Amino acid sequence: MRDGTGLIVDDEPQIRRVVKNALEGEVARVVEAATGSEGIDLAAAEKPSVIVLDLGLPDMPGIEVCREIRKWSTAPILILSARHADQEKALLLDAGADDYITKPFSTLELTARIRAHLRRSQNAQASLGPPQPLALGDLAVDLAARTVRRDGEPVHLTPIEWELLRTLLTQAGRTLTHRQLFNAVWGRSFGDPQQYLRVHVANLRRKIEQDAVRPRLILTEPGVGYRLELPR
Amino acid sequence: MPRTLPGWLGPWHRPLPRWLLWIAILAAVTAALVRVRGDLDPAHLTLIYLLVVLGGSASGGRPLGFVLACASFLLIDYYLQTPYGTLAIAKGPDWLVLVAFLATATVATQLLARAEAGAQAARRHAAEIDTLAAERVRLIAEAEHAEALRQADRLKDALLASVSHDLRTPLTTIKALAHDIARGGDERAAVIEQQADRLNHMVADLLDMSRLNAGGLTMEPEINAAEDLVGAAIQQVSGALHGRELRTDLAWSEPVLVGRFDFVHSLRILVNLIENALKYSPAETPVDIGVARQAEWLALSVADRGPGVAPSERERIFAPFYRPAGVSPDVGGAGLGLAIARRLAEAQGGTLVYAERPGGGSVFTLRLPAAALPEEEIGALDAGRSL
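Residue numbers (the numbering used here), protein chains in the order written: chain A, 382 to 613; chain B, 2 to 388.
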């Protein structure tokens, strides 16, 4: 896989070193920026295939850097955060970030996340959307025919459950915030039914997971949203 | 504002004695004037009565003034103007004197009453201004206090953010480098990584405790499914299970149990309870997680087969920096876990309690406000339309 460029935006040289170690196995070249504005310039000049961005930058808020880069780049953006607030994670994902990782993180975890995002973005470039029909363990989902089968038996989903599954599946591997799921399933208007999003997810899990309290497909990102993991 | 009177005047300040006093004065004045009525000019007589009317109305207000004016009019006419002993008037100008007296007494009474009303209003305004001034002083003091608190809060938040960032950045480097070295086979590096994790845990606990104390942790209660919370907790502890069995007791045939609680903080409580249960119970025994609806509560329980908690310790375990007797300080965190957990439960209207487990062990029960699904929502969930 070793092609493409990785960009690290962080003012701490030690953290840049750790992230560089993690990136080097996944991309051919790593470039580093110590400030937000330098990061934006490098992102424009180098067109990296993955960006690791620290939130606590000296010259501008990390979320602004993320918004700016997201205007013209589709490269996965991973946020490094030492912050103690989960609300901020949701804000970051809403601002266009693909993932976040809280300090202190393990190199293994960082590498795994970088690899997953690189693979997802390469898949997205190769084909628009996942292959049809999809086999998720014992579950077969046909997005075109709008059918779900488990061990060959049809699974009955409510329209909301179907929309949830479709939305999570088309962006598999990516954490979707509650807001992003609301918008995808109910449209942009906000109202009462949306507060039951988590109840719909629980019901969907009962229908498609083997064990709803040990889900393998739809994973909870506490305080942020949900992520669908495709089985390896 | 009530006027203060000398003690001996006290009773005369009440309406009835005051009226009696002035009627007595009027009678006394009349009796005195009857004796000298031949020597005095009618105009002089009316002036004396006018003084009585003015005195009465100043003291008893408009009604007393009017009564005294009318009574004086009749008394002057009857006793002091010729012919005496009748209400008839002998000379034309005497009428003029009487009418002038009545008019003057009435107008004077009226003016006095107005002046008194004005004075009363002024006294009321003065009192209101006094109250407002005191209120203003209090509000200014409160605003200054609130501003000082806000400033202290901002400072504290900045300090917490800075401590959090400054401590975690070196921890990240230590952990990552130790991890790299451990991969080379050096076991000591694994210990460094483990201790970095422990330190991070303690920093997080201390930060949370100080935020809880300062009221700086915000709660975001939302409708959440119990099994989502249990699932997230299991997901979070799965890395530290090392083969331990975690059993869940959920009734799949029943509708999803829901509550209105803050997911992140409730998850923190549940994970803490599960980690404690794993830590303080024998490796071969399972840890049981139960979910039930109990009246207005959603009850989540974590039960183990550990040694349990002695009756004398059952409340102390929720105190900050508690450490069970005989447990080495090298094990675990800062002893803040259960204290934070209980505070987090209470901050969202819930409770966290300990109970002895029948057959041995401990049961910690987290109760959170339950929520009911509205009819139409249950309808939408149950519709199960085929796609």
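Calculated from the structure, these hints are not laboratory results.
Treat the hints with care, since some could be wrong.
[To be verified] Derived lysine to any residue pairs resembling SDA-like cross-links, with alpha carbons at most 20 Å apart:
1) K280(B) with R245(B)
2) K588(A) with W253(B)
3) K588(A) with R496(A)
4) K401(A) with Y80(B)
5) K588(A) with H537(A)
6) K588(A) with S254(B)
7) K157(B) with M203(B)
8) K588(A) with R501(A)
9) K401(A) with E419(A)
10) K92(B) with V108(B)
11) K157(B) with E469(A)
12) K401(A) with L172(B)
13) K401(A) with E246(B)
14) K588(A) with E490(A)
15) K401(A) with A120(B)
16) K452(A) with A426(A)
17) K588(A) with R530(A)
18) K588(A) with R245(B)
19) K157(B) with L208(B)
20) K280(B) with S254(B)
21) K280(B) with R315(B)
22) K92(B) with T107(B)
23) K280(B) with L242(B)
24) K280(B) with W253(B)
25) K588(A) with L172(B)
26) K428(A) with E405(A)
27) K588(A) with R315(B)
28) K428(A) with Q395(A)
29) K401(A) with P321(B)
30) K401(A) with W253(B)
31) K588(A) with P612(A)
32) K428(A) with P540(A)
33) K401(A) with T174(B)
34) K588(A) with T249(B)
35) K428(A) with E490(A)
36) K280(B) with E255(B)
37) K452(A) with M441(A)
38) K401(A) with E490(A)
Remember, predicted model here, so these are calculated numbers, not experimental data.
Query raised in the report: Which hint numbers doesn't this structure obey?
Result: 3, 4, 8, 10, 13, 14, 15, 18, 20, 22, 24, 25, 27, 28, 29, 30, 32, 35, 36
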